[in-house]
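Mind docking chain B on chain A? Use the hints.
Protein chains in written order, with my numbering: chain A, 164 to 461; chain B, 164 to 461.
Be aware that a few hints might be false.
[Claimed, not checked] Here chain B is said to cover these stretches of chain A; the calculated rule only asks that three of the stretch's residues, wherever they fall, bring their Cβ under 8 Å from a Cβ of chain B:
1) 179-191
2) 293-303
3) 315-326
4) 441-452
I should point out that these hints are in silico values taken from the structure, not numbers from a laboratory.
Beta carbons are placed, not taken as given, at the ideal position from N, Cα and C, and that holds for glycine.
There are 2 protein chains.
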Amino acid sequence: MQSEPTSTTRTLGDLLSPLAAQAEAALAQYLPEEASPEALTAGMQYCVEGGKRLRPALVYLAYNACGGGDDELAARCAAAIEMVHVYSLVHDDLPAMDDDALRRGRPTAHVKFGEAMAILIGDALLTRAMAAIAERGTASAALCVAELATGAGCSGMVAGQVADMELCEVADGLEGLESIHRRKTAALLVAALRMGALAAGASEAQLAALTTYGEKLGLAFQVFDDLLDVTASAAELGKTPGKDAAGGKQTMASLLGLDGAREFGERLTADAVAALAPLGGASEPLTLLAEYLTTRRN
Amino acid sequence: MQSEPTSTTRTLGDLLSPLAAQAEAALAQYLPEEASPEALTAGMQYCVEGGKRLRPALVYLAYNACGGGDDELAARCAAAIEMVHVYSLVHDDLPAMDDDALRRGRPTAHVKFGEAMAILIGDALLTRAMAAIAERGTASAALCVAELATGAGCSGMVAGQVADMELCEVADGLEGLESIHRRKTAALLVAALRMGALAAGASEAQLAALTTYGEKLGLAFQVFDDLLDVTASAAELGKTPGKDAAGGKQTMASLLGLDGAREFGERLTADAVAALAPLGGASEPLTLLAEYLTTRRN
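With the rest of the complex left out, here is chain A (with noise of 0.2 Å):
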C-alpha cells in the first residue's frame, strides 16, 4: 500500500505545478527570436527541457510575497533566469568543463549537437535571457538586468565555476567550499528572488530580506545536493551520481559526514525561513519551498 502523500508535500505540490507551468508560458514567448536559425532554437529548447523551473518559482514566489506589480516584467525574468540556469548547465557539461555525458535524464547538448554547437547555444541562451528582460524597456528591467547579470557573472556564477574548477585560488575547507557554493549557485538564486521583488516594485526590506533567505537557500539547496550525490541513483537524478567523490572532490559530506551535512543544511534551511519574517504571510510558499529541500529526492 502505498503512504499518503504529507500534507506539506501535497500543499508544496499544489504551489508548484502552477508556477512551473507559468515558467512554460514563458519560456515558450520570450525563448525563441523569429528571424533565429531553426537549429539554434530547436537547440535552444532542448537543453530547457525538462527542469524543475524551480528558479522561476523564486521569481513568481518573490513577485508575489511583495504584493505583484508588472506581471509582465516577472514572466521575463522567469523565462531569463531559467535561461541562464541552462546556459551554465550546457557549459558546465563540456567535455573541457566536467565533461557530463547525462543531464536530465538524456544526453547532454554536446552529445546531441556537437561541441561547438553546445557552445554556441549556451551563448545564444544567455544572450536571449538578457534581450527578453531588457526589451520591457522600463528602469525596472534594467534592474533587473543587472541583478541578473551580477548574479551570473564573473563576481557570482562564473566566478563560482572559476574557483569549483581550481582556476583560481580558493580557501581550505568548509569556508572555501562554502564561498564557491554561494557564488555558484545561491548567487542565482539570490537575482532570481531580488528580480521577482524588483518586479513587484518592493521596498528595501523586503529586498534585503529576500537577499538573506536566497543566500541561505542556495547554500543549503547545495548541501543536499551533495548529499544526493551520495544517496541516490542515476533514475532518480536524471544525472550521473557518485562523480564528485570518484572525482576526489571536496563536498559537504566529506567535510562534515552525512549527518553534519544534513543538520547543516536544515540549520540553513531554518535561518532561511527566518530570515522572511519582515514579508509576514505572504512570503509563506517560500517557506514551504525551503522546506522541500529538505526532503526531495532529485
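For chain B alone, coordinates are given in the frame of chain A:
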C-alpha cells in the same frame, strides 16, 4: 623618404585616437567587478587588450552625430560592445570552433589559460557587458541592453557563427555569404550605432539612418576582411592569414574575385555613406570611418 599621410588618413587618426582613449577609460572603469577572482579579471583583461576599438568608436560617433545626451550611458555601452566583441573572438577561437592559436599578435585565450578558462572568460565578458549597461538603471539603458543582446544573440552574431560553421542551413553563393556576414559582423555594428543613438535620445529617423549605415558598413568591413585574408601577412594582421582559403571556405574574394570583391566593398561603403544624409554634418566622422575601411591593411 617616407611619404606624407594623406589628409584623410591624418584626419581619421585625429578622429579615432581620442575615441580609443575614451574606450580604454570606459573599459578600465566598467569591466572589473570588485568581487571577481583575480585570475578571472586578469584573463578578461588580457583578452580585451590591443583591439582597434572600432565598435566603441561607433557608439561614440553615433552618440555625437545625434547630439549627445547621457554621457555615462554612452561610455557604458562603449565598454560593453567591446566586451561582447571580445567574448565572441574568445569563443570563436576555441578548438571546437575555429581553433585559432593567434589573435591580435598574441596567444589566444585557450592557448594562454586553457580551454575551460577561455570558455568562462568569454561567458564572463558577455555577462559583464550586460551588467555594465544595465547598472545605469534607466529605461534607455534597458533599450540599449535589448539592442546589444539582439545584435549579439540567436538571430544576430551567434546565428552568424552557427551559419558560418555550417551548423544550420545556409543559402548557396553570395546570398548565403551575405546573410552570414549580416548576422556575424553587421548586427553588432548596428547595435553599437543604435546604442550610441539611444544614449543621445535619437529620433526614429536618426536610428533608421544609422541602421542602414551599419548594415552596409558591416558587409563592407567583411568584404575587405576577406580581401586582407588573401593579401596580407600575419605580421600585418596579427592573426593567421589565409585560413579561409586553406579551409576551402567560400569568401567574397573566392565568389567575386579580388577585383569584384573590392568593387563590391567600395559600393557598399558608398551606400553606407549615402545613408547618413539625414544626420547632416554631425555625421561626417562616420563618413571618414567608412572610407577608412577601403584603405586599411589590418
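Exercise. Check, residue by residue, whether the region 179-191 of chain A contains three or more positions whose beta-carbon lies closer than 8 Å to a beta-carbon of chain B, and give the verdict.
Key: violated (count 0)
Quiz item: Are three or more residues of the region 315-326 of chain A within 8 Å, CB to CB, of chain B?
Solution: With 9 residues closer than 8 Å to chain B, the region 315-326 of chain A meets the three-residue bar; holds.
Quiz item: Are at least 3 residues of the region 441-452 of chain A within less than 8 Å of chain B when you compare beta carbons?
Solution: Per the Cβ count (0), the hint is violated.
Practice problem: Check whether three or more residues of the region 293-303 of chain A sit with their beta carbon closer than 8 Å to a beta carbon of chain B. | Solution: holds (count 9)
Violated hints for the displayed structure, listed by number in ascending order: 1, 4.
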